[in-house]
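Enquirer: This is what each chain is made of:
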Amino acid sequence: MNDAGAVVDGLAVALLAVALFSVTIRGLVAGVWILVAQSALLALVAATMALWSGATHMWAAAFLTLTVRAIAVPAVLLWILRAVALRRETRPLLSTRHALILALALTLIAFFAAGRLELADAFPAHNALPVSLALIFVGLLLMTTRRKAVSQLVGLITIENGIFLAGLIATLGMPLFVEIGIFFDLLVAVGVTAVLTLRINEHFDTMNTDQLRRLRG
Amino acid sequence: MLTGPLPGLVLTWQIDGLSAFFALVILSISAVTGIYALGNGRHHASFPGSGGLYVLFVFAMLGVVVAGDAFTFLIAWETMSLVSFALVLTEHRREEVRRAAWVYVVMTHTATAFIVSAFLLLARGSGSLVFAEWTAHASASDAGIASVIFVLGLVGFGTKAGMIPLHIWLPQAHPVAPAHVSALMSGVMIKLGIYGLLRLSFDWLAPGPAWWGALILGLGAASAVLGVLYALMEHDLKRLLAYHSVENIGIILFGVGAAVMARALGLGAIVALALSAALFHVANHATFKALLFMGAGAIDSAVGTRDLERLGGLVRRMPFTALSFLVGSAAISALPPLNGFASEWLTFQSLLQLGRLAEEPQTALLPLLAGGALALTGALAVACFVKAFGVSFLALPRSTQAAAAREVGALELIPMATLALLCIALGLAAVPVVTAIGSLVPAAMLPHDGPALGLAAPAGGRLVLPGIALALPTFGALALLLPRLLGPVRARVAETWACGIALQPVHEYTAMAFAKPIRLMFRDIVRPVRDIGVVHRSGTRFVASVHYRSHIAPIFERYVYEALTDRLVAMARVVRTLQNGSLQTYLAYLFAALLVALVLAR
Amino acid sequence: MTLAPVLIGVPLMAALLCVFLGRRAAAVSAAASVVTLAIGSVIAFGSFAVPAERALGGLVYVDALSGLIVLIVALVSAIAALYAVAYVRNAVATGEIAPAQVRWFYFWLQLSIAAMFAVPLLNNLGLMWVAVEMTTLTTALLVAFFRRGHALEAAWKYLMIGAVGLAFGLFGLLLTYYAASHALGEAASALAWDELRAHASALDPSLMRVAFALVLVGFGTKAGLAPMHTWLPDAHGQAPTPVSVLLSGALLNCALYGVLRFHLLATGTLGVQFSSDLLLGIGALSILVAVPFVLVQHDLKRLLAYSSVEHMGIVALAVGIGGPLALFAAAFHMLNHALAKSTLFVAAGALGQGYGTLRLARLHGAIEVAPLPALGLVLGTLAITGTPPFAPFTSEFGIAQAGFLGRPSALVGAVVLLAGTVLVFGGMLFHVLRVAVGTSPGRPHKAAFPFAASFIGLPLAALLVMGVWLPPALRNGFTAVAGVLGVVP
Amino acid sequence: MSEAVTAAGLAFLQLAVFLALAPGVNGLIKQIKALLQGRRGPPLLQPYFDIFKLLRKDSVVSDHASAVFRWAPAVYAAAFATAALLLPVLWTPAPLAGWGDALALVGLFALARFALALAGLDTGSAFGGMGSSREVAVAALAEPAILLALFAVAWRSGGTDLSGMSAWLQTHGAAALAPSQLLAAGALVIAVIAETGRVPADNPDTHLELTMIHEGMLLEYSGRPLGILMWASLLKQTVLFALLIALFFPFGLASSAAELPLALAVLVLKLGALGLMMSLVESSSAKLRILKVPELLGAASALALLALVAEVVVG
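Taken in order, these protein sequences are the chains called A, B, C and D.
When the letters of the first sequence are read in order and numbered with the numbering used here, they come out as residues 1 to 217.
When the letters of the second sequence are read in order and numbered with the numbering used here, they come out as residues 1 to 602.
When the letters of the third sequence are read in order and numbered with the numbering used here, they come out as residues 1 to 489.
When the letters of the fourth sequence are read in order and numbered with the numbering used here, they come out as residues 1 to 315.
Chain A with its partners taken away, still in its complex shape (with noise of 0.2 Å):
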């Protein structure tokens, strides 16, 4: 039994390095492949929990992780980096190594406030949860130190993985049509951001939302 909660805190760690990883790159199709990771891994994640748990809808959620979160959102991204032939990040607020040191930091606050959590009997991977703050943190640090917008949506949808994940672990998913109302929310969510990133860079003609201070006071 416990060889499932090995596995899934494998794919835990996995998940987290590649979140670590997430904050050092610049290059932004390097950043949406890195959802593509994170997606696939949590695609697995619900998988062996399926097979731990045996429930029918923990299988559907997993195609679904799969179907959305692994190929039909990093599509979008990628068709909108495309359309506008964007390659690289310009300098984000915080140097590499500093943001580096912020998410490690970050991540050991997550494993502390995890560990006050207490979700006792929840599924024996004991390190998932802390896993999946630390995501949310990471999230939110990329999100405050990218300027260009479609960094910051990738922040945003770290974010939403960890919770995803967080899920997954402590509830065996939510019952089948929230997580389907959940997918298709975010599937929208990714689409009307499309829309107006690419209208701000009609508008700006450029990605950088530094342009987007002038509403003050």
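Since the hints were derived computationally from the structure, they do not count as laboratory data.
The C-beta atom is built at its ideal place from N, Cα and C for all residues, glycine as well.
It cannot be assumed that every hint is accurate.
Label-pair distances were calculated between CB atoms; the ranges are [claimed, not checked]:
#	chain 1	residue 1	chain 2	residue 2	range
1	B	564	C	272	33 to 41 Å
2	C	101	A	75	23 to 31 Å
3	A	109	C	408	30 to 38 Å
4	A	55	C	50	58 to 66 Å
Once the Cα atoms are required to be at most 30 Å apart in a straight line, the calculated DSSO-like pairs of lysine-lysine come out as [as the list claims (entries may be wrong)]:
#	chain 1	residue 1	chain 2	residue 2
5	D	292	B	516
6	D	57	D	270
7	D	33	D	270
8	D	33	D	292
9	D	287	B	516
10	D	287	D	270
Knowing the structure of chain A, use the given hints to seat chains B, C and D on it.
Expert: Only chains B, C and D this time, still in chain A's reference frame:
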């Protein structure tokens, strides 16, 4: 008894002697000013529906005095303020009108916030919003909260009454309002502040400590002396009258303060005397202030300006306005045998008697000092109205408009004449009026175990104005007739002697010059600012022209109110930088809020 | 309660129709809004009379609180849709909106109305979260509709902050679901609100504290409570006026509805003290934060936006104070704020289109040029700043009275309420007075003021009447809502 | 009906006495001042000759003057005539005691000042304006001193009734004059000097435009109206002296018809004594600049305040 919009809220009415008295004052004055409005309205721009607003204004004031519970009182109170704010805004094209209206409505609204807090503390004590309940539970509330309620109420109602230092809206709002509106506002509306203060200190609260009365006396003295001093320094007729309203509110506050202090010391007779003095002055001030504002309105519409420096010689061109304005000036300067003197006489008596009967020296001295302040105010009022009447009506017209002025229509003269006659009548019939006031006010507020009121101080000193009114004309006639026994004399008309040159309007004493001795004598209080510009003929030392501009430093406006608002706006500008436009900062705020919430949730 | 799904269906269908019947989209949206107003009122007044009931197999749950929100959304969406007809025609005339875009405007408008109706009706907390998220997404493109730099900036921040906020909301929801499934077993209905409410005492207290904190921050962001309000002035300021009406009048209330639902859960588990104090604190903070921004404001619609922050704070404060009187006044205030804010935005929109700008420095003498919107603006400001005899004063008076009768922190809250409303009164009236009276610089073209805005007199009249007398139906409604919010199992 | 007639007769008798004595007092003061300054000075009856000369002369009225100018003398004289009858100096209860008290007295003074100041402004001449402005300014400072002093004196007899005050002093005798009364007397003397326009405050004898306060207002009057005004201002001076007498040494009043001649003689003596004191003060001090008058009157108010404090504390 209507069920109000909130659970447990009931809209009730409570009409007792006090509200009847105030309702009578409201109705009589608003009727007279209403007729005046018909006549005077033609000269000034007024927006459609301003007549309807005027009627609503009167009904709102009536609503205030008959309201039986806190909620109805507040609805009527604020409607009265809003409607008068709209009426003040009639000539909204001018910048100072807009500024005055804004200052007025913001100060009134802040006052209402104070009143609401006082009411809610009272409701907390007695568990209901109905005034009758408050009276019943008056003695239950403990001293500490009662004092807090008293101070809150004093600030709230004091602002509406125009008491120093909460008065700055009055000299700004009244001059810019149309004449009939400022007559009603100055004559009647500010009295509702006094009505509220009377209800608070006599109806809703048990007899408090002596310092309540001392506080009112102190603020009354400040209002009276500073009000008349600032009035003396004004050369805009309506601002002068507005400052006089502040002064007369000070005089009323002397009566109220003496009554509150006497009630604290348990001197029933003095409470009766002081309260009837205050209420009698409320009625008197309503009559002569409305009369004077209507006079000023008549001058404004006939000459086109209210600046005293450009009036003059109107007594020949507007004789009837001049006569009624003279009667009004005599009444407000408290000259026998008119009504102003009667109510000031009563106020003097109550202050003296309170001083004599109070045991400890320090509580005895304050009323006597207040008496001194009242005397100073009375004398300065005489000076002010000699200036106001003399400079605007007598001698030569100082401007072409003043020379071309013509008497106003009958619709304006009749109301002024009626109020002038009312001043005289109230003076002569002072004794029955004061006795009537004594009986009108409910016994709980006015324990008159002493002799029937009237113009007799409990311990000696009587005033029979009809007697004096009989003696004066007889001796005046004697003074004119007796010399005729020595044979007839002729009076020849000639030029006024001006050291040999023909008399020019420029030789006359201006309002500024008339007030100069007093301005120099009270310069530490009034702080005059003077700038003299001398223009020489080009290149020579010969003087081409000299400009003399003098104004008094607006102490309260600058050092209290502008200082406060500037600091507030500065703080707001600092906080505004928080919204600096960057998404990253906003996300940081959100994250910080989350951390705080999680820490609290531990 | 079979009407509930119809209420959501009508705007959805209208949205689709608008896309196909391009030219007559305005008429379709207006008609749809009138129909939803009728149905909404029926549902609302129905819910006030009869205690809570479920429909569609537990998917829909309507009690007095959701009835109130449905009523508010119905009223506000009617005003918004009716005003949109004239507003959009003017905008097209002045070239701000391309004729081809008009159909999409109404499409997103009706979609967002549908989402806002869904929020109060859905029983399942997860679906409610999805509905709130959908309101954000559907209005995001509407905020950016004018294709100006500022509008795009406002929309981007609106979307990002909204999404992050709701993500935290979802995390809170998730913890609640964990606590519920842990206590109630595997029943899929573990997320059904009324079930949770019934068994609230069985939930794990420490988890529920964290969950409530997360939900308060999450849904609080969407409700515009400080310090998560930063997106609100940008979004309401830049959006086309009918959208601002919808955002300020309806959407904020829906998000606040979410917070109130979780507040009831938290009181069930942790007792009244914890969540009431949090609500009271965040409410007072919102009032205080709004004051400086109202004092030194340079844009008319941003001024109204900050007023919304203040009023959401007042409602939160009222619920925080608790007790039948405060909760009655809170419900009453939600309706008052929705009505008053809609009239203000309509008047501001009319003036904005007339003068071509919303900068307070260039708006003067409106009374001469466009007397009706100027009068509407002034009367609306008097109403929204809680001046008697208008209804907002009555509700604020009730809240202050409950505060003075309540516990010490409630007393402090009431004092903050009184002080805050006075300062906001001074600030707002200073700006609005300079806009309404005085001499107007240029001659804005008369056409700017459409017939539709002339009906702002209706809500103002209602506010005036409700200030002194409440129709019995509404009175019972607010008492029922107070009952729902106040009952402690 | 009969005692009403006697009361009226008494009133007119007291008025006649006052009118008769008024010019005499002024003549006496001028006589004593001349004596002190080593010159002969005008005869004692000179003021009578001046007044009767003026009453028979024609008058010149400015063409700008209005009804105020014509009626001012009548109001001015009437005010002081009524004031004279309030004072219990001849008969124990003053003829009009029932109708007015000390405050009414002060009110009547204010009425007279109001009328004359307006008349000063009416003709449009700069001197009239200057006179009126300074008159009301000085009066503004004198009145608080008078009021506080009257309060201190009224303290002992309880009420502001003049006859009551003097009756109290008569019954308790001069020994009862507590220190507070002396302070009040001092304050009243200074105030009386300012009100009557005697030397330290104003110079009654000069016509130098820049210094005169009271004379400035009369400048435009001539002939009979000037006569009436002069007589009335002299009456004012006598009324003020009588006020001092009534409040501080009210002995030798008549209570029956027989004692009237004696009371009259005593009154003349007292007025003469006060005249002597005034002339001593005048010849020993120079006229103050107009802006220094406030210090003098400030001192008067301070004295009156001290009197009150002494009264309240000592009791």
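Enquirer: Of the numbered hints stated earlier in the document, which are not met by this structure?
Expert: 4, 6
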